[in-house]
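So you can see what is in the structure, the chains are spelled out below.
There are 2 protein chains.
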Amino acid sequence: MRIDGLMPDDFNVTPYDVEGSVNYEKLMQQFGIRPLNEEMEARIKKLAGETHYLIRRKIYFAQRELSWLLDEYEKGNRFYVYTGIAPSGSMTVGHLLPFIMAQWLQEKFDADVYIQVPDEEKFLNKNDPKLTLEYINGLAHQDALDIAALGFKPKKTKIYFDTEHANQIYKHAVRVAKRITFSTIKDAFGFSNETNIGAIFYTSTQAVGTFIKSAEENRKIPCLIPLGVDQDVHFRIARDVVEKLGYYKPAIIHSKFLPGLKGEPKMSSSDPNGAIYLSDSPEEVVRKVNRAITGQQSTAELQKKYGGDPDKCSVCQYYKYLFETDDRKLERIFTAERDGSMLAGEHKADLARKINAFLEKHRKERDRIKDRMDDFILH
Amino acid sequence: MRIDGLMPDDFNVTPYDVEGSVNYEKLMQQFGIRPLNEEMEARIKKLAGETHYLIRRKIYFAQRELSWLLDEYEKGNRFYVYTGIAPSGSMTVGHLLPFIMAQWLQEKFDADVYIQVPDEEKFLNKNDPKLTLEYINGLAHQDALDIAALGFKPKKTKIYFDTEHANQIYKHAVRVAKRITFSTIKDAFGFSNETNIGAIFYTSTQAVGTFIKSAEENRKIPCLIPLGVDQDVHFRIARDVVEKLGYYKPAIIHSKFLPGLKGEPKMSSSDPNGAIYLSDSPEEVVRKVNRAITGQQSTAELQKKYGGDPDKCSVCQYYKYLFETDDRKLERIFTAERDGSMLAGEHKADLARKINAFLEKHRKERDRIKDRMDDFILH
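Just so you know, the protein sequences line up as chains Y and P, in that order.
Counting along the first sequence from 1, when you hit position 270 you're at 270 in the working numbering, and nothing is skipped either side.
Counting along the second sequence from 1, when you hit position 172 you're at 172 in the working numbering, and nothing is skipped either side.
Be a bit skeptical, because a hint or two may be false.
Note: identical chains are not told apart, hence a pair may lie in one copy or across any two.
Heads up, simulated DSBU-like pairs for lysine-lysine below, C-alpha to C-alpha not over 35 angstroms straight-line [stated by the list, open to error]: (1) 220 <-> 130; (2) 153 <-> 58; (3) 244 <-> 130; (4) 126 <-> 186; (5) 126 <-> 262; (6) 348 <-> 361; (7) 26 <-> 126; (8) 58 <-> 262; (9) 58 <-> 312; (10) 361 <-> 108; (11) 130 <-> 46; (12) 213 <-> 370; (13) 213 <-> 126; (14) 126 <-> 153; (15) 75 <-> 45; (16) 186 <-> 249; (17) 186 <-> 370.
Simulated from the structure, these hints should not be mistaken for lab results.
Throw the hints in and build the complete structure from the sequences for me.
Given below as structure tokens:
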């Protein structure tokens, strides 16, 4: 779907689709968002005691209202964190980006984290008969376990499922919905008159997280949302509404997309070979990584002579986004790719090992907490 | 709002407005509904042991699928009853028509009764700043008490409020919503692109009652809906959807509108002088009835000479719809109006007495059950 009113471009980003090679500079202009700049990064470092590799590497590249949020924090007005995931299959490693950031913010800023798992979203927006509400609800609980296993603190984490927590969500969603017309939604999401009325309503429920804690506690509490930039449109619409309801506009930090293993602009859970799932076996990981595209030359000889391009190499990007958080080690990997001293086979074997080490640890953590999930759920 | 695609006419009926003098014959054609005929009435009488005055007097005048419902009942496949009210103020006596019928059906057919009190409906569809969600929720609980006080059996009555019972409703509403496009809603309700997305979604929640018991018990159960004919549009849209979801299409019986005291086509709770509220004091009832329009001549002399027209007399209509259930007594009242032997003042004094007797009894019943309301609520 193409957002109405955009200049024709060679890429298109909506919550439902990412097409073409994304130009993030142009995207910021299209969306009306601003860079997460050095000054903001420095302020975060000062307040948190460190920065996060996802910020240093400009994977979180853009923001809304971040300076205001940090001002409030410095004045003692603490924020909470809101993010989420709409289940449609096993989570991929690409889905982890907002949760890795949310967990870090929880730790460094002692922030409560609210996580929406809208188990109706893909049901309403996809025409896949497999995606029944019951099936998605099952996935949602698996996703919740995967998220909690990232190190969230049970007492400060509140995961909620739209169908199961409708008593807490729906009354707030209708407040939002009353202030959004179909015209607005139609343009923003590229909907038509043939779009179903559930998909049309849905954005109201996604907006609720921006003020759910404020509503619960009956006071205005700043909210920070780490999200993939494709989700910005929901809050572009909601932010003015939320303010009219008497809450703060949310602050947002936007991440770029982890590319697919085959070079797709965004890793998609609907492409089994382009994505690493948290549920993948060690063998599947090796197989998929071995088939990944790299930025290397067509032969080992040419690669040794001319070197490759880490920016075009999905293997290098996986290190950068997720599997090598040490900047110096990452630079060594990128240099070895550029100067031809490390060939694709070696790169891939090393990445597969690192992914499998991560997944192994993740599975253990899942097992450890799986009987305590109720502690992570909104009540 | 005018329903798109209707032939221009001198009346218009939507869930949001009733304008002009309603021609119920034409309305049946417009809505595609059929008369509740003598044969059906006879079948009801046979099964129930009696008919209801609202059916005998053709106040319940139309139906969908009623023969099928009675067939099923005769085969031993019992139905449940579903109806509701969207709160926006104190209930009027006009609001009682579906509940009087539902209570009778409960008694005569041993039917469970589900009652939706959608406390978001008027919030979404009216621009009255007084109608906050909290305010309407308060009204909703008052309405529930007024309804329960009509003689419903606690164990067989399940009242639910959309915001408070969203856990039971929302998951089913999205199933309905997925199968309804904005095009369909736009035409049927006279919405525009500037309609808010909550109002657009709302009909999905109203549809849930048609299969809520079937969904709860995981089997197909026939459903009968007594309603004011203005609500038919919701189910005209929902019936095909409900069938696609694997449930029976609901059967419906449609009532005419109790006119306003001043001759308005439908008593409206937003017109304090044209409506008798269940909360009215005896003095208010007397005052309002005294100001009601009648079908009588302009002077007592002319009335004695020429007589009046009970069909144009709101006082006579109140007897017919609600306050004189004995057919012979009603006929005496109508005859006295026609032959001029009973003047407006006498008529009105008698009606006010009967209304006040009803309200007095109703208040006592409210008081008696008010601490037991939880027994009437869906759990």
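task: Pop the pair residue 213 and residue 370 into one bin, within, between, both or neither, using alpha-carbon distances up to 35 angstroms.
output: Both, since 26 angstroms and 34 angstroms are each at most 35 angstroms.
field: Intra- versus inter-copy proximity for residue 126 and residue 213 (alpha-carbon distance at most 35 angstroms)
entry: both (30 angstroms within a copy, 28 angstroms between copies)
field: Within, between, both or neither, where residue 130 and residue 46 count as close if Cα-Cα is 35 angstroms or less
entry: Neither. Shortest intra-copy (48 angstroms) and inter-copy (47 angstroms) distances fail the 35 angstroms Cα cut-off.
task: Evaluate residue 348 and residue 361 at a C-alpha cut-off of 35 angstroms and name the case that applies: within, between, both or neither.
output: within (20 angstroms within a copy, 83 angstroms between copies)
message: With identical chains, the pair residue 58 and residue 312 could be close in the same copy or across copies; at 35 angstroms between alpha carbons, which is it: within, between, both, or neither?
response: within (17 angstroms within a copy, 76 angstroms between copies)
- request: Classify it for me, residue 244 with residue 130: is the Cα-Cα distance of at most 35 angstroms met within a copy, between copies, both or neither?
  value: Only across copies: residue 244 and residue 130 sit 16 angstroms apart there, 39 angstroms inside one copy, limit 35 angstroms.
task: Indicate which option fits the pair residue 75, residue 45 if close means a Cα-Cα distance not exceeding 35 angstroms: within, between, both or neither.
output: For residue 75 and residue 45, only the intra-copy Cα distance (17 angstroms) is at most 35 angstroms; the inter-copy one is 75 angstroms.
field: Intra- versus inter-copy proximity for residue 370 and residue 186 (alpha-carbon distance at most 35 angstroms)
entry: neither (41 angstroms within a copy, 46 angstroms between copies)
- request: Go through the copies and call it for residue 126 and residue 186: within, between, both or neither, with a Cα cutoff of 35 angstroms.
  value: both (17 angstroms within a copy, 22 angstroms between copies)
Within, between, both or neither, where residue 126 and residue 262 count as close if Cα-Cα is 35 angstroms or less: Intra 24 angstroms, inter 52 angstroms, cutoff 35 angstroms: intra-copy only.
task: Using 35 angstroms as the alpha carbon limit, work out where residue 58 and residue 262 are close: within a copy, between copies, both or neither.
output: For residue 58 and residue 262, the Cα distance is within 35 angstroms only inside one copy (22 angstroms; across copies 70 angstroms).
message: One pair to classify: residue 186 and residue 249, alpha carbons no more than 35 angstroms apart. Within, between, both, or neither?
response: both (22 angstroms within a copy, 31 angstroms between copies)
Taken one by one, the earlier hints fail for this structure at numbers 11 and 17, listed in ascending order.
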